[in-house]
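Per our numbering, residue 706 is the first one in the sequence shown, and the count goes up by one each step.
Just so you know, these hints were derived from the structure itself, not from any lab.
Glycine included, every Cβ here is placed at the ideal spot set by N, Cα and C.
Please note that the accuracy of each hint is not assured.
In silico EDC-like cross-links for lysine to aspartate or glutamate, where the CA-CA straight-line distance does not exceed 20 Å [claimed, not checked]:
id, residue 1, residue 2
1, Lys827, Asp794
2, Lys827, Asp736
3, Lys827, Asp857
4, Lys772, Glu847
5, Lys772, Glu782
6, Lys787, Glu829
7, Lys787, Asp740
8, Lys787, Glu826
9, Lys787, Glu721
10, Lys827, Glu844
11, Lys827, Asp778
12, Lys827, Asp810
13, Lys858, Glu844
14, Lys787, Asp819
15, Lys787, Asp736
16, Lys827, Glu753
17, Lys772, Glu826
18, Lys772, Glu813
19, Lys827, Glu721
20, Lys827, Asp793
21, Lys772, Glu709
22, Lys787, Glu813
23, Lys772, Asp810
24, Lys787, Asp810
Computed spacing ranges between beta-carbons, pair by pair [unchecked claim]:
id, residue 1, residue 2, range
25, Gly816, Asp857, 32 to 42 Å
26, Asp793, Arg757, 22 to 32 Å
27, Glu795, Pro726, 23 to 33 Å
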Amino acid sequence: MQRETTTFFGVILEREPATSPWADWIWRVADVVTDAPETDGWMLMSEEGEGRVRYLNAPHPLTLHHKMVEAYDANIETGAPKLWVMLDDEPGAQPPFRVRGVTADPYEAQGALDSAEGLVEKIEMPRATLAWMARFLSEIPEAPAFRKRRRDKVQIEKQIFGKDPVYTSLRHDPEEGQA
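Using the sequences provided together with the hints, build the complete structure.
Shown next, in the form of structure tokens:
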């Protein structure tokens, strides 16, 4: 059984003109690519009319760990497994983002979304990645079912003639002290 396994992705970031008067551009993660060529930062992939531009940044690891099986199962059980690409703001750069990571763990992605920093994009998990993830999960043995512990029975010392008991009842009779 492997404790963890890793694969690498290239992240494709797309910029297109915004229709809003308050923003010039809309940035979104368009896709992830397996076996992408290594780049040094963002590499221009294509430039289409009207300002639509695509960039590639690779490689970025996706590591599955054997202790996160429940999270991966939750992702698969949705019926439409996803990958999340987490980007950090990098002002002054073009594009203005740095890839923080790629994850298949919905709880890690939720934590990144809750931080409200950068951009977190959800995209479809490629079929090859889903097959790789399913192979990894099938090799991991089932976790034992939760069993609630029970307290041990308290053994009260038997009172033997001539020996004071170690344990005495804490019951107090209020009429006993009055004469």
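Evaluated hints:
A C-alpha spacing of about 17 Å is found between Lys827 and Asp794, which places the hinted pair at or below 20 Å, so the restraint holds. Note on Lys827 and Asp736: the hinted pairing holds, with a Cα-Cα distance of about 9 Å set against a maximum of 20 Å. Between Lys827 and Asp857 the alpha-carbon distance is near 49 Å, which puts this suggested pair outside the 20 Å criterion. Pair hint Lys772 plus Glu847 holds up; C-alpha atoms about 11 Å apart against a cutoff of 20 Å.
Distance check on the hinted pair: Lys772 and Glu782 sit about 17 Å apart at the alpha-carbon level, within 20 Å; holds. With a CA separation close to 5 Å, the supplied pair Lys787 and Glu829 stays within the 20 Å bound. Under the criterion of a C-alpha separation no larger than 20 Å, the hint pairing Lys787 with Asp740 is consistent with the structure, at around 18 Å. Distance hint between Lys787 and Glu826 is fulfilled; the C-alpha atoms sit about 10 Å from each other, no more than 20 Å.
Taken as a hint, the Lys787 and Glu721 pair is broken in the structure, with Cα atoms around 23 Å apart against an allowance of 20 Å. Note on Lys827 and Glu844: the hinted pairing is violated, with a Cα-Cα distance of about 27 Å set against a maximum of 20 Å. For the given pair, Lys827 sits about 17 Å from Asp778 by alpha-carbon distance, which is consistent with the 20 Å threshold. Straight-line distance between C-alpha atoms of Lys827 and Asp810 comes to about 11 Å, which keeps the hinted pair within the 20 Å bound.
With a C-alpha separation of about 40 Å, the suggested pair Lys858 and Glu844 falls outside the 20 Å cut-off, and the hint is violated. Using a Cα cut-off of 20 Å, the hinted pair Lys787 and Asp819 holds, with the two alpha carbons roughly 18 Å apart. Restraint check: the Cα-Cα separation between Lys787 and Asp736 comes to about 11 Å, which is no more than 20 Å; the hinted pair holds. A distance of roughly 24 Å separates the Cα atoms of Lys827 and Glu753; the hinted pair therefore is violated under the 20 Å criterion.
The hinted pair formed by Lys772 and Glu826 fails the criterion: a straight-line CA distance of about 24 Å is larger than 20 Å. Restraint check for Lys772 and Glu813: satisfied, since their Cα atoms lie roughly 13 Å apart, inside the 20 Å limit. A C-alpha spacing of about 18 Å is found between Lys827 and Glu721, which places the hinted pair at or below 20 Å, so the restraint holds. Only pairs whose Cα atoms come within 20 Å are accepted, and Lys827 paired with Asp793 is accepted, the gap being roughly 15 Å.
For the suggested pair Lys772 and Glu709, the alpha carbons sit about 9 Å apart, so the restraint of at most 20 Å is met. For the hint linking Lys787 to Glu813, the alpha-carbon distance of about 13 Å falls within 20 Å, and the restraint holds. Our distance criterion of 20 Å between C-alpha atoms is met by Lys772 and Asp810, whose separation comes to about 11 Å. This hinted pair checks out: Lys787 and Asp810 have alpha carbons roughly 9 Å apart, not beyond 20 Å.
Remark: the range hint 32 to 42 Å for Gly816 to Asp857 is upheld by a beta-carbon distance near 39 Å. Range check, Asp793 to Arg757: about 23 Å between beta-carbon atoms, so the 22 to 32 Å window is met. Distance hint check: the CB atoms of Glu795 and Pro726 are about 25 Å apart, consistent with the given range 23 to 33 Å.
Figure legend: structure checked against the earlier numbered hints; hints not met, in rising order: 3, 9, 10, 13, 16, 17.
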